[in-house]
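Turn these sequences into a full structure, and let the hints guide you.
Chains A and B supply the protein sequences, listed in that same order. Residue numbering for the first sequence follows this note's numbering, beginning at 1 and increasing consecutively. Residue numbering for the second sequence follows this note's numbering, beginning at 1 and increasing consecutively.
Warning: the hint list may mix true and false statements.
Straight-line distance between alpha carbons at most 27 Å, and here's what the computed DSS-like set of lysine-lysine pairs gives [claimed, not checked]:
{"#": "1", "chain 1": "A", "residue 1": "Lys81", "chain 2": "A", "residue 2": "Lys63"}
{"#": "2", "chain 1": "B", "residue 1": "Lys477", "chain 2": "A", "residue 2": "Lys86"}
{"#": "3", "chain 1": "B", "residue 1": "Lys477", "chain 2": "A", "residue 2": "Lys63"}
{"#": "4", "chain 1": "B", "residue 1": "Lys312", "chain 2": "B", "residue 2": "Lys347"}
{"#": "5", "chain 1": "A", "residue 1": "Lys58", "chain 2": "A", "residue 2": "Lys81"}
{"#": "6", "chain 1": "A", "residue 1": "Lys189", "chain 2": "A", "residue 2": "Lys86"}
{"#": "7", "chain 1": "B", "residue 1": "Lys304", "chain 2": "B", "residue 2": "Lys204"}
{"#": "8", "chain 1": "B", "residue 1": "Lys425", "chain 2": "B", "residue 2": "Lys347"}
{"#": "9", "chain 1": "A", "residue 1": "Lys58", "chain 2": "B", "residue 2": "Lys425"}
{"#": "10", "chain 1": "B", "residue 1": "Lys477", "chain 2": "A", "residue 2": "Lys69"}
{"#": "11", "chain 1": "B", "residue 1": "Lys477", "chain 2": "A", "residue 2": "Lys81"}
{"#": "12", "chain 1": "B", "residue 1": "Lys204", "chain 2": "B", "residue 2": "Lys306"}
{"#": "13", "chain 1": "A", "residue 1": "Lys24", "chain 2": "A", "residue 2": "Lys189"}
{"#": "14", "chain 1": "A", "residue 1": "Lys86", "chain 2": "A", "residue 2": "Lys228"}
{"#": "15", "chain 1": "A", "residue 1": "Lys189", "chain 2": "A", "residue 2": "Lys139"}
If you are wondering where the hints come from, they were derived from the structure by calculation, not from laboratory data. Predicted, not measured: the structure shown is a model, and the values here were computed from it.
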Amino acid sequence: MPIITLTNISKTYPMGKVSVEALKGISLEISRGDFVAVAGPSGSGKTTIMNIIGLIDKPTDGKVIIGDKDVSVLSRNGLTKLRHEKLGIIFQSFNLLPVLNVFENVEFPLLIGKDRTPRKERREWVSYLLDEVGLSDRKFHKPSELSGGQQQRVAVARALAARPDVVIADEPTANLDSETGEQILELMKTINREQHTTFIFSTHDERIREMSDHVVFLKDGSIVSELKAKKGVTV
Amino acid sequence: MILIMALRNLVRNLRNTIIILTLIMLIIAVFFMGNSVITESGRRLMNSYTESFTGDIVIKARSQSSISLFGPNTPAIGEFIPIPVIEQYNEILSLMEQDRRVEALSSQVSGAAVMDINGRRYNVPLFGVDARTYFQLFNDIEVREGQILIPGQRGAMISAGRALLIERETGKKPVIGTPLLFSTMGHSGFKIRELPLVCIYSYKNSTPVMDEIILTDPQTLRALNSIMLASDSDYTPPKEATDLLTGNLDSLFGIEKSTDEIIENGSFSLLDDLTRQFSLDDIETSDEKNPDWNGGSWNFILLKIKEGVSSKALIKDLNIRLAPYSAEAVDWRQAAGKSALLVLLLKAAFNGGLILVGVAGIIAVTNILLISIFRRTGEIGTMRALGTTSLYIFSLIFIENMVLSFTAGLLGIGTGTIIINALNKMELPVANQLLRSMLGQEYFHIEASISVFLISLAVSVFLGFFSSIYPVHCAIKVEPAAAINKG
Chain A
1 MPIITLTNIS KTYPMGKVSV EALKGISLEI SRGDFVAVAG PSGSGKTTIM
51 NIIGLIDKPT DGKVIIGDKD VSVLSRNGLT KLRHEKLGII FQSFNLLPVL
101 NVFENVEFPL LIGKDRTPRK ERREWVSYLL DEVGLSDRKF HKPSELSGGQ
151 QQRVAVARAL AARPDVVIAD EPTANLDSET GEQILELMKT INREQHTTFI
201 FSTHDERIRE MSDHVVFLKD GSIVSELKAK KGVTV
Chain B
1 MILIMALRNL VRNLRNTIII LTLIMLIIAV FFMGNSVITE SGRRLMNSYT
51 ESFTGDIVIK ARSQSSISLF GPNTPAIGEF IPIPVIEQYN EILSLMEQDR
101 RVEALSSQVS GAAVMDINGR RYNVPLFGVD ARTYFQLFND IEVREGQILI
151 PGQRGAMISA GRALLIERET GKKPVIGTPL LFSTMGHSGF KIRELPLVCI
201 YSYKNSTPVM DEIILTDPQT LRALNSIMLA SDSDYTPPKE ATDLLTGNLD
251 SLFGIEKSTD EIIENGSFSL LDDLTRQFSL DDIETSDEKN PDWNGGSWNF
301 ILLKIKEGVS SKALIKDLNI RLAPYSAEAV DWRQAAGKSA LLVLLLKAAF
351 NGGLILVGVA GIIAVTNILL ISIFRRTGEI GTMRALGTTS LYIFSLIFIE
401 NMVLSFTAGL LGIGTGTIII NALNKMELPV ANQLLRSMLG QEYFHIEASI
451 SVFLISLAVS VFLGFFSSIY PVHCAIKVEP AAAINKG
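Next up, the structure:
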């Protein structure tokens, strides 16, 4: 059973007197544990599709199913709850909360839900994540004291903190130099392998596509091809 | 975590924090100082009034117009409004004497007259007091010259302030024994009575209003007011005189004798007898003969209640019990009339002005908070994208503003206290007569009270609360997409 199913998704943005069709009837299935890259040139609709999967934006038409839930019937609070329980989001510009230190930023998603993990267990888990992303020695630093790569690693740890089924990353390496970008991708791939967390990220970086086991190519709001590397299938 | 975030956000947005803090602090400092002055003056006024002439509770006859110890509160031009007497006075007095919550009581007749002394005229309020109990009830009255009225004695007592005024205006100091001429004009005509000055007194905490009061014996005042006179003397009219009351009225006019014949035959003696007994001269004579003469009508019963007894509760209870007697109990403030209401009016006017300042403050703070929310849209959007609920965002912004307003409140109170203490140390003389009567002191000295402290703190929190409503509303409407657009 796919963890995410998009059926005939369209998205239109009104731009003054005209409308811009960002997505044109996209259908897509993503399986649990996939490392999915959404590729395409600028303006192809990558960010729009990521926002729709990440429940940040709503489609103009079509159906989105996450797990077994049809998100079109959910209220604002229902979407918030589902986002918290099932999804982890990594932003292009990191979006760390400036008043919290590294440890607190990673801990934050664990403190806002209804499920209260015991404090000791919670802190151990956060420490483990920071170990994984190689920032144990930066626990008490403020985001402003970190480099871009370090901030993005914190964002990865934060996205994984609530143990989501799916991590969505919109161009996670866009603001990083190539070496750091590669490190971040390696990190995400490692977590994907070890924890079987589904990763979906948009990119126009060739290297990411090579690492992915499911690549979706977009152009002008439509899927032009879909490659599932493991199975060697081109759609 | 939410409190930590709120505090750190305040530090991070230091400029906004300082502006809001300063604004609320100033409003609260003014509120605190103003209310401290008003509360202090209200307290002092209450103490000096209740200990000097109102007591804690006053019982009076029910009336349609508002009546104080000084008479009607609403001036009526061209109309004479008498102060109603307490009907069934003895029954009410007995009830009060038996009430364990009442510590002491006394009775009073009130009126107003024109007083002539040393060739000058003054409009004066007159209190006809029951000398047996009045001076025990009000031990703030201190004798300067002469002696206080004794039961049955005819005479008047004037305040030292009044004596000074008379001396200043006439160049002649009033001395004990000086005749004081009182005249009134009422429904039953023009009345004049002369009384000797028996005492010059002062109150421990005097106010200009209290300096006006002239204390007299009740009978003289009753005569001036043309209200019922009574005596406990044992005079019994002869049977022939009482027969006139029960006889055939027609027979009164059916006598066949002429007036001259009646006078010649001495038949006038019965009427003459009655007239003589009730003529004013004879009453005064009778009064002098009977020093214990205390009967008659009273306008007010003044009560001092025991320590710890709630005045409000007792008034409520008394009003239920006094309803069948057409009487009512009122507090000292109502009994004191317009002079005591002044403080309340000033308080209302001051706080009314402050409400306007508060509204302006709320608008200013709301705007600053809104700017702060707009600047943080990306951050709030990120939190929404991470799965925070509207309640969480609401709580975060709300806590920030509550902490801010609470701190500003404390700083405002602190500032107000420092200014008050500095003014106290300067011992500034209170030159304004109105202020002096309000403050009950010649030098500015204010003690800030806990109640004003708490009220000021509550006002600052309310200010923060109302300022937060719209910004919080805007904050919870921020969508997760803002994290991408403005992150």
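Would you pick out the hints that fail for this structure and give their numbers low to high? Checked against the structure, the hints that fail are numbers 9, 13, while the rest are satisfied.
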